[in-house]
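A.B. asks: Chains as they are written, first to last, in our numbering: chain S, 1 to 137; chain P, 138 to 782; chain X, 783 to 1096.
Since no wrong hints were added, every one of them can be taken at face value.
The list that follows gives simulated cross-link-like pairs (lysine-lysine, PhoX-like), each with its CA atoms no further than 25 Å apart:
#1 X:Lys-790 x X:Lys-863
#2 S:Lys-6 x P:Lys-776
#3 X:Lys-985 x P:Lys-366
#4 X:Lys-1093 x S:Lys-56
#5 P:Lys-453 x P:Lys-301
#6 P:Lys-641 x P:Lys-453
#7 P:Lys-168 x S:Lys-6
#8 S:Lys-89 x X:Lys-1063
#9 X:Lys-790 x X:Lys-812
#10 X:Lys-1093 x S:Lys-6
#11 P:Lys-438 x P:Lys-453
#12 P:Lys-770 x S:Lys-6
None of these hints come from the bench; they were simulated from the model.
Residue-level listing of the chains:
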Amino acid sequence: MSFEPKIVAFLCNWCAYAGADLAGTSRLQYPANIVPIRVMCSGRVDPEFILEAFRKGADGVFIGGCHPGDCHYVSGNYKARKRVEMMKKLLKEMGINPRRLRLEWVSATEGQKFADVVSQFVEEIKELGPSPWREKK
Amino acid sequence: MARRIGVFVCHCGINIAGTVDVERVARELEKQPGVVFATTYQYMCSDPGQNLIKQKIEEENLDAVVVAACSPAMHEETFRGVCREYFNEYRCEMANIREQCSWVHDGEEATEKAIKIVKATVEKLRDNEDLMPILVPVEKKCLIIGGGIAGIQAALDIADAGYKVILVEKEPSIGGRMAQLSETFPTLDCSQCILTPKMVAVARHPNIKLLTYSEVLEISGFVGNFHVKILKKPRYVDEDACTVCGDCEEVCPVIVANEFEMERKPRKAIYIPFPQAVPSTYTLDREACLGLAPLTCSQCKEVCEANAIDYDMQPKIIEEDVGAIIVATGYDLYDKNKLVEYGYGEDDDIITSLEFERMLSASGPTGGKIIKPSTGKEPKKVVFIQCAGSRDKQHMPYCSSICCMYTAKHALLYKHHVPDGEAYIFYIDIRATGKGYEEFIERVMEEERINYIRGKVAKIYRDGDKIVVCGVDTLTGRKVEVQADLVVLAMAIVGKEEAVKIAKKLKVAVDDGNFFKESHPKLKPVEALTRGIYFAGCAQAPKDIPSAVAQASAAASKVLSIFSKDKLEKDPLIAVVDEEHCSACGICVSVCPYGAMMKMENGKARCIEALCEGCGTCAAACPSSNIEMRNYKDEQIVKMVEVVI
Amino acid sequence: MEGKEMKKIAMYWGAGCGGCDVSLLSLHEKILDLLEEAEIVFWPCAMDFKYEDLEKMKDGSIDIAFYNGAIRTEENEEIAKLLRKKSKILVAYGSCATEGCVIGLANLYSREEIFDTVYLKNETTKNEDGIIPSSNDLHLPEFLPHLKTLEQVVKVDAFIPGCPPPKPVLENALEALLQGKTEFGKSVALCDECPRKDSKPEKIEINKFYRWHEKEDNGDCFLAQGIICMGPATRAGCEAECISANIPCTGCMGAVPKVREQGISMLSALASILGDMDEEKEKEIIESLQDVVGTFYKYATAKLLPEGRLKDES
Ligand SMILES: Cc1cc2nc3c(=O)[nH]c(=O)nc-3n(C[C@H](O)[C@H](O)[C@H](O)COP(=O)(O)OP(=O)(O)OC[C@H]3O[C@@H](n4cnc5c(N)ncnc54)[C@H](O)[C@@H]3O)c2cc1C
Ligand code: SF4
Ligand code: SF4
Ligand code: SF4
Ligand code: FES
Chain S
1 MSFEPKIVAF LCNWCAYAGA DLAGTSRLQY PANIVPIRVM CSGRVDPEFI LEAFRKGADG
61 VFIGGCHPGD CHYVSGNYKA RKRVEMMKKL LKEMGINPRR LRLEWVSATE GQKFADVVSQ
121 FVEEIKELGP SPWREKK
Chain P
138 MARRIGVFVC HCGINIAGTV DVERVARELE KQPGVVFATT YQYMCSDPGQ NLIKQKIEEE
198 NLDAVVVAAC SPAMHEETFR GVCREYFNEY RCEMANIREQ CSWVHDGEEA TEKAIKIVKA
258 TVEKLRDNED LMPILVPVEK KCLIIGGGIA GIQAALDIAD AGYKVILVEK EPSIGGRMAQ
318 LSETFPTLDC SQCILTPKMV AVARHPNIKL LTYSEVLEIS GFVGNFHVKI LKKPRYVDED
378 ACTVCGDCEE VCPVIVANEF EMERKPRKAI YIPFPQAVPS TYTLDREACL GLAPLTCSQC
438 KEVCEANAID YDMQPKIIEE DVGAIIVATG YDLYDKNKLV EYGYGEDDDI ITSLEFERML
498 SASGPTGGKI IKPSTGKEPK KVVFIQCAGS RDKQHMPYCS SICCMYTAKH ALLYKHHVPD
558 GEAYIFYIDI RATGKGYEEF IERVMEEERI NYIRGKVAKI YRDGDKIVVC GVDTLTGRKV
618 EVQADLVVLA MAIVGKEEAV KIAKKLKVAV DDGNFFKESH PKLKPVEALT RGIYFAGCAQ
678 APKDIPSAVA QASAAASKVL SIFSKDKLEK DPLIAVVDEE HCSACGICVS VCPYGAMMKM
738 ENGKARCIEA LCEGCGTCAA ACPSSNIEMR NYKDEQIVKM VEVVI
Chain X
783 MEGKEMKKIA MYWGAGCGGC DVSLLSLHEK ILDLLEEAEI VFWPCAMDFK YEDLEKMKDG
843 SIDIAFYNGA IRTEENEEIA KLLRKKSKIL VAYGSCATEG CVIGLANLYS REEIFDTVYL
903 KNETTKNEDG IIPSSNDLHL PEFLPHLKTL EQVVKVDAFI PGCPPPKPVL ENALEALLQG
963 KTEFGKSVAL CDECPRKDSK PEKIEINKFY RWHEKEDNGD CFLAQGIICM GPATRAGCEA
1023 ECISANIPCT GCMGAVPKVR EQGISMLSAL ASILGDMDEE KEKEIIESLQ DVVGTFYKYA
1083 TAKLLPEGRL KDES
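Excised from the complex, chain S in its bound form (with noise of 0.2 Å):
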């Protein structure tokens, strides 16, 4: 059986959860291993969540956040843009491959953009294989 990769997304209620809302509505098909949690904003989502989901075996973790400028809260997603740029730091010298981790700014007027980059990052994450830590398991 091929790889299906497990993938954690956070979802920022203002801009990405509801462009993945978008993406629904207008019926954008992307796969399904993207299972997301909504969070307030994207300056939310403690690194700690990040750690956890690969301790518990995640092979790739999504963060959406507005666009820089348009954060519902002023500057939550730019705390999150530097928490994830120090955790990839993090995570490369721990032996994960730091592209397992992604942030991106998704509006909610972006459907299609939200669709495209998932199925992009699902396929950068099957071609990565399974995270090292889930294959300790």
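Model the placement of chains P and X with the ligands on the given structure of chain S, informed by the hints.
C.D. replies: Frame of chain S; chains P and X with the ligands shown alone:
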């Protein structure tokens, strides 16, 4: 804590059931701990669907409900409404298995994913707390900082609506810049004439407490509950007793420059900035006075028949509780000495636009006569330079927005005063976007025969009696050189220097031009990021009088909407600090975009419920895991993560 | 002393630097009080005890056993298990036993890489024949593939953090343990007791990271100066010994009890207080942060990577 959860899976016709095996979802969910009942139904949101939920809540004695259906954006309100009859609305959550599942996936995976989504929702719901909206009491009194036209308008609007206003002005009189203007574009009505009635209305209004010659020292608290300390400087003249007879002024031996006249006219140490000043009273300038302690002169007191002068007057600290704050501190002109590269520095015959306004005023330093300051003669050639310091990367990059208009006005008024004179205007573009503005410009260009030269001035220098202005006319490509008698600079408009200090006290932001930053450039142009604080007039950005007034009324209406209820109602999904375990590291205080995390006396953090918007940025940042987001706790999210993998 | 029942205590040194053993002496005259209440039944580093002595003891006969150092060899593991069996309360003493400490950073490398470095490639090593000690003729305890904390091998009843446990932490821990309590220590982070905490500005913002030696210390909160200080994520109790000596906290006391993981918590906090800047600049400054694991997990790599560095195939 939910113990008896019911799961209701919606078919949504075939919208969900066509892709997702809803029965299987229900059966799988039934196996989850805490889930005591699960079922499916054609249309959950329909009346029979809603009734089914009610019936099962009663029959199965449910204490919480998950509705697996469409996006919460669609029907969260509906289902929470259904549940509210039985228990707290936060015991109801929606699992989005339509928009983010059945509509975008196919086959077996869709069902698998739906199961995960619903399971995760159950996990979240399990730890939801019962919450009620937060109610914040409101002190229905407004502080307005700055008594220019914007502050005056806002004060009158709020006071007329029946609420108390405290208007703080740092100068001896209210009126601001508008009081200094001669006539106003585009209608050319006399500025003072339309302003004075409003100033008087402020002074007379029973709901307005006017504190001139005063400054805001400290501001604490939050929306609905600010506490402010105001310093009322001693003016050494009893405002109520002074009859403005002017006897004191006559005998005072000290002569200094009058700020109101842009220092182009002298005043005495005891003075009234302009005749229509409000409050109508003299003020003794302690800095200029020969000495109060020990008393060295006392001539003014001797002649004052009203006995209004009191050399022992002390500064007073006034404390007030207010529910909202409007900042209307206005603007200054950019310092022309900073434009030395153009040769704009000190020269008597190179003046700023505000100096020219005073010159045009009948009560101004020249009695309304336009003169060449170095000689006192009538200037026959005047050059007006627009965008002096504006739209210039070296200085202020933005457009000051009103200079095109008032420069046209200046040229026109000049021609009215000196019909045989010649006026030149150097400009980059003409921006005349207001109502009647384009027509005004056209009139100036055509009827008044003003020479508009499109191009930037490269250099100015003095040549004997004349000031030579060199530039290039970019329309013809030709060099232009004008031998002028007088040069008027339309200086860039900048926010007040003290704006930075006030911003700090208010914990709000200013930009590079010292203008206060609004919450959203389009949708929240008068609101500060911090709730309960609003901006009006040029304090926020350069603008003309109509816009300043409109913004003032907008800010007033925001304040009135806060005052319209006894308590502010707020979403309870906010951050809560466990103060006992807070180390006072200060991280959360540093990251909250709304200033909602307050540092207490002992350094520990406390979330101000009234200000917190619930974004969760602080909770993710707190290195002590010490901030809990209500109903979005770390543990809830981690559990959701566990079940979706 | 008569009439009073003496507690039987044991102390063992696993894989570690020995500082923990020495730290007991930091108690100074207080150690005498301890000896009034307790009798040492096993402490190979200080007195003449053999493993057989330990094996001969009845199970559960030691009241409190202190294990310091991590588990790196078969021998460490064996003694840990033995001590567990023989004692009522087993205490992880110090950072190595508790979370692996600095030597836990070895989990970023394989056993082969470690041997290679230590026995062959190290500049100060002279080993022309390329000999790597092995168990061919005499039995050497095996060097385990990964370093482990005590808890990863046996059940642990109490933890005394610190590298080594600072005096106030130790005093407090011993007092509690002698009364039979296994939960002790402070439950807030270090900033709480830091002498520099009042110098924090209203908003802390970092626009450049400085290493400790790169900047003249102005005496303010290190973090506010752009110098990484683990204080906000580190358990208090040491009375800010390092900071009092003008050295930023590196986190040896481990996480505050409420916190799941010290390293990731500090990473998030630090990323969050970076100033707002354009993306390129942001990347640059984050890039300038060398050794992320070593910064945030200096003492807890063994917990982060119990099975060693992960290997992502691609
Ligand atoms: C040369 C020139 C000509 C103009 N001509 C026209 C025109 O013809 N038509 C037109 O529509 N507009 C014109 N304008 C624009 C007009 O001046 C402004 O739109 C208007 O004055 C803005 O009012 P305001 O209340 O925002 O600010 P201001 O008039 O600047 O008032 C601000 C007030 O706040 C007070 N203040 C400042 N700081 C503090 C503090 N810390 N505490 C307490 N009080 C404080 C100040 O003393 C002042 O009284 C002209 C501007 C210039 C420069
Ligand atoms: S949740 Fe957001 S708004 Fe509320 S205190 Fe925290 S950072 Fe500020
Ligand atoms: S971040 Fe946490 S520990 Fe630090 S001050 Fe805020 S609540 Fe306290
Ligand atoms: S960050 Fe470090 S230096 Fe600053 S107060 Fe905390 S422990 Fe002290
Ligand atoms: S609300 Fe979307 S990123 Fe902050």
